[in-house]
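Novice: Residues per chain, in single letters:
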Amino acid sequence: MIHWTVIIPLFIFLIIIFGIGIWANKQIRTSDSFMQEYFLGGREMGGFLLAMTMMATYGSASSFIGGPGVAYQQGLGWVLLAMAQLPAGYFVLMVLGKKFAIISRKYEAITLIDFLKKRYQSNVVVILSAISIIVFLFASMTAQWVGGARLIESLTGLDYTAALLIFAVTVLIYVVIGGFKAVALTDAVQGSVMIIGTIILLIGTIVAGGGVENIMQSLVAENPQFISPFGAEGSLTPLYVSTFWILIGLGVIGLPQVAVRAMSYKDSKSLHRAILIGTMGIGTIMFGMHVIGVLARPVMPGIEIGDKVMPLLTLEVLPPLLAGIVLAAPMAAIMSTVNALLMLISSTVVKDIYLHFFNPQASEEKIKKTSFWTTTSLGLAVVVFALNPPDLLVWLNLFAFGGLESAFLWSVVFGLYWKKANKYGAISSMIVGLTLYIGIDRLAPHVFGMHTVTLPILISLVVFVAVSLATQDKENKGALDI
Amino acid sequence: MRDKRFQIAHREALIGVMLVVLNFGIWFGFAYGLGSGDPTEYTFILGFPAWFFYSCIAGTIFMIIAIWLAIKLFFKDISFDEEDKQ
Numbered sequence: 005m006i007h008w009t010v011i012i013p014l015f016i017f018l019i020i021i022f023g024i025g026i027w028a029n030k031q032i033r034t035s036d037s038f039m040q041e042y043f044l045g046g047r048e049m050g051g052f053l054l055a056m057t058m059m060a061t062y063g064s065a066s067s068f069i070g071g072p073g074v075a076y077q078q079g080l081g082w083v084l085l086a087m088a089q090l091p092a093g094y095f096v097l098m099v100l101g102k103k104f105a106i107i108s109r110k111y112e113a114i115t116l117i118d119f120l121k122k123r124y125q126s127n128v129v130v131i132l133s134a135i136s137i138i139v140f141l142f143a144s145m146t147a148q149w150v151g152g153a154r155l156i157e158s159l160t161g162l163d164y165t166a167a168l169l170i171f172a173v174t175v176l177i178y179v180v181i182g183g184f185k186a187v188a189l190t191d192a193v194q195g196s197v198m199i200i201g202t203i204i205l206l207i208g209t210i211v212a213g214g215g216v217e218n219i220m221q222s223l224v225a226e227n228p229q230f231i232s233p234f235g236a237e238g239s240l241t242p243l244y245v246s247t248f249w250i251l252i253g254l255g256v257i258g259l260p261q262v263a264v265r266a267m268s269y270k271d272s273k274s275l276h277r278a279i280l281i282g283t284m285g286i287g288t289i290m291f292g293m294h295v296i297g298v299l300a301r302p303v304m305p306g307i308e309i310g311d312k313v314m315p316l317l318t319l320e321v322l323p324p325l326l327a328g329i330v331l332a333a334p335m336a337a338i339m340s341t342v343n344a345l346l347m348l349i350s351s352t353v354v355k356d357i358y359l360h361f362f363n364p365q366a367s368e369e370k371i372k373k374t375s376f377w378t379t380t381s382l383g384l385a386v387v388v389f390a391l392n393p394p395d396l397l398v399w400l401n402l403f404a405f406g407g408l409e410s411a412f413l414w415s416v417v418f419g420l421y422w423k424k425a426n427k428y429g430a431i432s433s434m435i436v437g438l439t440l441y442i443g444i445d446r447l448a449p450h451v452f453g454m455h456t457v458t459l460p461i462l463i464s465l466v467v468f469v470a471v472s473l474a475t476q477d478k479e480n481k482g483a484l485d486i
Numbered sequence: 542m543r544d545k546r547f548q549i550a551h552r553e554a555l556i557g558v559m560l561v562v563l564n565f566g567i568w569f570g571f572a573y574g575l576g577s578g579d580p581t582e583y584t585f586i587l588g589f590p591a592w593f594f595y596s597c598i599a600g601t602i603f604m605i606i607a608i609w610l611a612i613k614l615f616f617k618d619i620s621f622d623e624e625d626k627q
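Line order of the protein sequences matches chains A and B.
All residue numbers for the first sequence refer to the numbering used here, where the first residue is 5 and numbers rise by one.
All residue numbers for the second sequence refer to the numbering used here, where the first residue is 542 and numbers rise by one.
I should point out that these hints are in silico values taken from the structure, not numbers from a laboratory.
Incorrect hints may appear among the rest.
Unchecked claim - SDA-like, lysine to any residue: derived pairs with alpha carbons at most 20 Å apart:
#, chain 1, residue 1, chain 2, residue 2
1, A, 270, B, 560
2, A, 270, B, 554
3, A, 273, A, 47
4, B, 545, A, 421
5, A, 370, A, 37
6, A, 273, B, 548
7, A, 110, A, 39
8, B, 613, A, 274
9, B, 613, B, 560
10, A, 270, B, 618
11, A, 110, B, 548
12, A, 273, B, 621
13, B, 613, A, 312
14, A, 312, A, 164
Throw the hints in and build the complete structure from the sequences for me.
Specialist: Next up, the structure:
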């Protein structure tokens, strides 16, 4: 069944995104430093753009589709858990903040790996980081593409392959030709759509349920645990929920796609504004979407598949045109995550591998060609994999978030703030963090009732400090200025 | 030579850490402090259980105000470019 009134707003949304890509391409042609412009938008982002691109990159399919689905089954306890994401709005920007901005300019760093490379002076660090970024983010990008295609499939009634192609063509064209600037500008549109969509659907759901009080009473009548902080089956223990904070509240600093944004803004003012706007945006979306999942239960009882809660609810409680706008929100969330990942992987391949190891003397023209082709072929590779995702990718995607955090968190934080941090510490903490994370996840995911990511992050911290201190005499720190 | 701007940057990073600790305290304290009892005996505010209202709604608004104040009062405008180019 095809809902035309729903499709029209979605279609207009895609056209706008497309237009922005073409406009950004003109900017790139006129810029004098292609690399900096294409991969970092020329470090020109203002406060609003920075806030939106942080929020949109961070908010993904799981904030709009998966999360509300779990909240539907778990109740208010899951909203509590989701609110642990509030620090993502201010903590990253405050902690990496000005230090990262100053140092990355000093080092002329364009990617996160650039910074690590110059800070630790080690090719092993470069290779380890590049491999984790390419492997983990390629996997999670594929998962997001599958999500995007499934969403188009369920909304339009097109078959999966056609849906995937529509999604791929739109994203690929604006990212390939427009670079980081197109990504950031479309993120601003996508971020706004995400916020507006959340607010409309929240109001629509409360009205359809006859007010919050009414909805809460129906929830208590079904199972009083729905309104407790412990979840429907009492499985959300305080220890688990608070260690979850480490993964999604604090560890976000270690996500390369988020961290790279913390070196792309223009000046102090942009940073200050972005912190405030970003926190309000993330607060609205995370609270709104997850609470919607809970409120949906009495409004639309009996939905078996969590991922269907949000789309079905939207079509049920809103008139078609509004539903189209609201359903553009998850679309926007998926696209804005995918475009950031594509850009990041491409910059890793071009800047950190090709230029660093193979062709440091490449001409501007050559770099330009390589960048366009790398981005395009990565995008096409994702399409092929998304048509029929191999088990290995599905498996890797599960580790992407925690794996990257275990690998990067301490190298970035100590690299910025601790003079004694050295390459030996960085390398050993990366290896220990990654292996422990995958190991614990395989063998004992809820060890001592904590979230999987807790121990790897704590132990790699200890390893980093111990190894750095033990190897102090091996390294000449004369040139280091942090 | 130590860059003067780093002092400012370090102080602001520390403020970030303090805000996160405050955020965690409010969020955790209200949720399990008020929400540990029997759900059928909860008190409600604006239709939501009190623990949820304070931890997730009022707490979030409070944090946004705290962040705004911290930036207004303590965050400094500094230049990111090299100070002394030869």
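Novice: The structure should be examined with respect to each hint, and the outcome stated for every one.
Specialist: Against the structure, the hints come out as follows:
1. A:270 - B:560: With Cα atoms ~24 Å apart, residue 270 (chain A) and residue 560 (chain B) exceed 20 Å; violated.
2. A:270 - B:554: Cα-Cα ~19 Å, so holds.
3. A:273 - A:47: holds (14 Å)
4. B:545 - A:421: At roughly 14 Å apart (the allowed maximum being 20 Å), residue 421 (chain A) and residue 545 (chain B) satisfy the hint.
5. A:370 - A:37: Given that 20 Å is the threshold and the Cα spacing comes to 13 Å, the pair holds.
6. A:273 - B:548: holds (18 Å)
7. A:110 - A:39: holds (16 Å)
8. B:613 - A:274: This hinted pair holds, its Cα atoms lying about 13 Å apart.
9. B:613 - B:560: Holds - the C-alpha atoms of residue 560 (chain B) and residue 613 (chain B) are around 14 Å apart, at most 20 Å.
10. A:270 - B:618: holds (12 Å)
11. A:110 - B:548: Roughly 17 Å between the alpha carbons, so the hint for residue 110 (chain A) and residue 548 (chain B) holds.
12. A:273 - B:621: holds (11 Å)
13. B:613 - A:312: violated (43 Å)
14. A:312 - A:164: holds (16 Å)
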